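Keeping their order, the protein sequence lines are chains A and B.
Take 776 as the starting number for the first sequence in our numbering and just add one per residue.
Take 13 as the starting number for the second sequence in our numbering and just add one per residue.
Check the hints yourself; a few may be wrong.
Computed spacing ranges between beta-carbons, pair by pair [claimed, not checked]:
#1 B:Ile34 x A:Glu1494: 37 to 43 Å
#2 A:Thr1331 x B:His77: 29 to 35 Å
#3 A:Ile1338 x B:Arg71: 52 to 58 Å
#4 A:Gly1414 x B:Leu16: 23 to 29 Å
#5 B:Ser80 x A:Ile1372: 27 to 33 Å
#6 B:Leu18 x A:Gly1374: 38 to 44 Å
#7 B:Pro102 x A:Ile1461: 21 to 27 Å
#8 A:Ile1470 x B:Leu107: 29 to 35 Å
#9 A:Leu1525 x B:Leu107: 26 to 32 Å
#10 B:Leu18 x A:Val789: 55 to 61 Å
These are calculated hints, taken from the structure and not from any lab test.
No experiment lies behind these values; they were computed from the predicted model shown.
Yeah, the Cβ is synthetic: ideal placement off N, Cα and C, and Gly gets one too.
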Amino acid sequence: MIAIAVLSGFVLAVFAPFVHRLTKPLSGWVLAALPAAIFFYFVQMMPQIAHGETVRAAWDWVPSFGVTLSFYVDGLSLIFALLISGIGAFIVAYAGGYLKGHKDHGRFMGFILAFMGSMLGLVLADNLITLFVFWELTSITSFLLIGFNHDKPRSRRAAIQALVVTGGGGLALLGGLLLLGVAGGSFELSELLASGSIAENPYYLPIFLLVLAGAFTKSAQVPFHFWLPNAMEAPTPVSAYLHSATMVKAGVYLLARMNPILGGTDIWELVLPVFGGITLLTGTLLGLRQTDVKQILAYTTVASLGLLVMLIGIGTDVAITAAVLYLISHALFKGGLFMVAGSIDHSTGTRETVRLSGLGKVMPLTALAGLLAGLSMMGIWPFFGFIAKEVIYEATLHHDPRMWITAVAIIGNSLMLAAAALVGLRPFFGKLLQTPKEPHEGSPSLWLGALTLGVLGVVFGMMSHFSGEYLVAPMASAIGGRDIHTALHLWPEVSLPLALSGVTIFLGFIWFWQIDHLRSLLYAATQRLWGPDHGSDQFLAALVRVSKNLTGLLQTGRLNFYITFTLTMLALTLGIPVIAYGLLPTSIVLPDVALHIYGVFGLTVVGALALLFARSRLQAILSMGVTGFSVALIFLIFGAPDLAFTQFMVETLSVVIIALVLLRLPVDTYDRRDFLPSLRDAGLAISIGVAFTSIMMAIGAEPLDLTLTEYFAANSYLEAHGRNIVNVILVDFRALDTLGEIAVVLVAGLAALALIKVRDGILTSPDANRVTREDEA
Amino acid sequence: MNSLILRTVVPLLVSIMLVFSIFVLLRGHSLPGGGFIGGLIAASSLALYMIASGSQAVRKALVLHPMSIGGLGLLFAVFSGVPSYFSDVPYLTGLWYEPEFFHISLIATPVLFDLGVYLVVVGSITAIALALEEWH
């Protein structure tokens, strides 16, 4: 059942364009049925998981490497699965309305469903390799989604940037997971979790760093935060889904998942809060600099991810509870706010906060959704976000008597409050301004999801008992690796956290009130700063430059150069062992064979000499043919009929084909080389010949090892019904190798065909290359 | 090449060589021969035909584009491994369904595989030779 829940997304993704075409005006709602069904499947698992049970399902995947396709449901993965499928259902419906009329609408629906499947697989995976595969799938599907408007250079840049950053992190993660599997003695997370911390293991530090690299790149922690705001080039449903509620939380999920295994050490409790705190401040400050609604939301997402990493790093019971509370409330309000931002953009044609005002009258339902989500993000009573903030302060106060972390949290939260007010409230109040399009309320698909998420933000807050028992406690226990019970209170006690909430709200409103000053201040401060965003461009440009130079150095486009280079390498590979092991023959013993065989030997020499003194090219080819045929004769005489046969045919065909080439190539009939090139070629030829002969003679001097010959002779008829062992090896014992070889033959044929057909240097012209390079940049 | 002798002899020679190439292909499992050699013989017979009667005649005789023949061969070779999936043995394990007669067992996956090798060799070489011949 779990496997169906995970994999059905991919199956439907394949058929999504057809389904879309069939059910056009309503395709969003039709396709949303699958995520909704998955959501309800996971909902019915909730009581079971809340009682502390776990569910595991496994299938053999690559048994020879011990890789299983296994899934594991506990409190942590269940809540993530609920968020992914539940928000996914609304997003699919939303995309149905948002992209109406887009030429690739059906394809988009496929991408987003495939992404949902990848994300579900990632959070439910039990096997580390399974987890990695789905982790990479989220990177790939998100590349497709960010670059969806692929005719825009900015989209392409953002997509490549996201892929390079998260893909690079993914490579590090693979290393970390493999090491973890070896160090922990199992590749199943459920077993690793059961056996607890590996902090004493000598591989702990590399595992920690590699896993951290994966998590930080995916979850956009400083200094890898830059790809996330750029990813806002994607259509808004993507931003609402991937870049708020799900994919960027994959890194947080990974850290939460690894907490019982890797957490609790000094370095964990140092690195995570420090980077998380820096990310929180960086995200909020850079966010308030922006005027584009989506950019503000993206930066506050970066900040929220920082906050979550910080809380997981603290690692106390309260901190983990706070992280869970904030994660759930963030998914609800940020997903909602993104959808609201998209609806506003869709209806007014602009996302600039300065031009958006008074929309509440024309878009009442969207306004309500924005209001609910905004208030939850601001942490106002009685929203879920409020409870989250209280617990966050409780956690930081307990942990850190010197108030460093608390101070960071207060500043970050207050800045985030200002951003929330800017996005969730301000567009809907005040005087209606002129916008590029006449504002109007969108279709239900555009506001229903945001409104539902907004309402849930209140409901979870009001029903804090229920959400505490069914959502927070199971997930927190799974993260902590121990039973964590925290009673949630909607009615706050009069205590320090409440006072800090008051301070936060007060500060937040000051920032909001002075937003224009704050923005210009921040803008002036950061405008001339070099940042990793620019750095990544420089890195990619440098990479392209280096590879271009390297290619220019090796790929000269001159056949002469290639052949000389290859043969020089051959001479070195053969010659170095000959000299190193002293294999040069000291004496030449003539073999004891009949006279006519000496005649055949003589023929090969005659052919070679004729080649050397040939005046025209055609003469040279024919001389080479003489040598080749004599060699085939030698094979025949010494009992290798298959080899001889092949050699005859190859010689015949080479002569035909080389003659065809020479008849048509614009080359001189006579070979006129200067003295130096002749000397170089001769030296090359002689050294290869000498080296080859020496090695062959050295091998011949050793007794022949017949083990393989005997094995094949004994088994080829019994096992493969054939007496010709050469052929049996080719088509049966080593058939896979042969398959590879004939594929190479075919591809080489295609390449030769292409080279012959493309005349006038169409492919090699530098202008053609330049066009594609610019296009990519 | 416009030579009366060649044009008269070649059709006869080509047909004999083609039959011989198939003979070599089929006997290869137990006696010298096989798909690779058979393919080379067939390719050289086609090259001979091309020299005598021109590239268009060869193309007409082949019906399919030579590269398609090669591709078909690769497809045969790939699919010859599929029955092993149903017999629960590793991919490309040879399977025989009939006892052999005249030293040749015809209903066997290695025969299909060898036929694939044969077609790839014929297709690739003939494609290159024809393209060179038609090059101006």
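Provide an ascending list of the numbers of those earlier hints which the structure does not satisfy. Of the numbered hints given earlier, those the structure breaks are 1, 3, 4, 5, 6, 7 and 8, listed in rising order.
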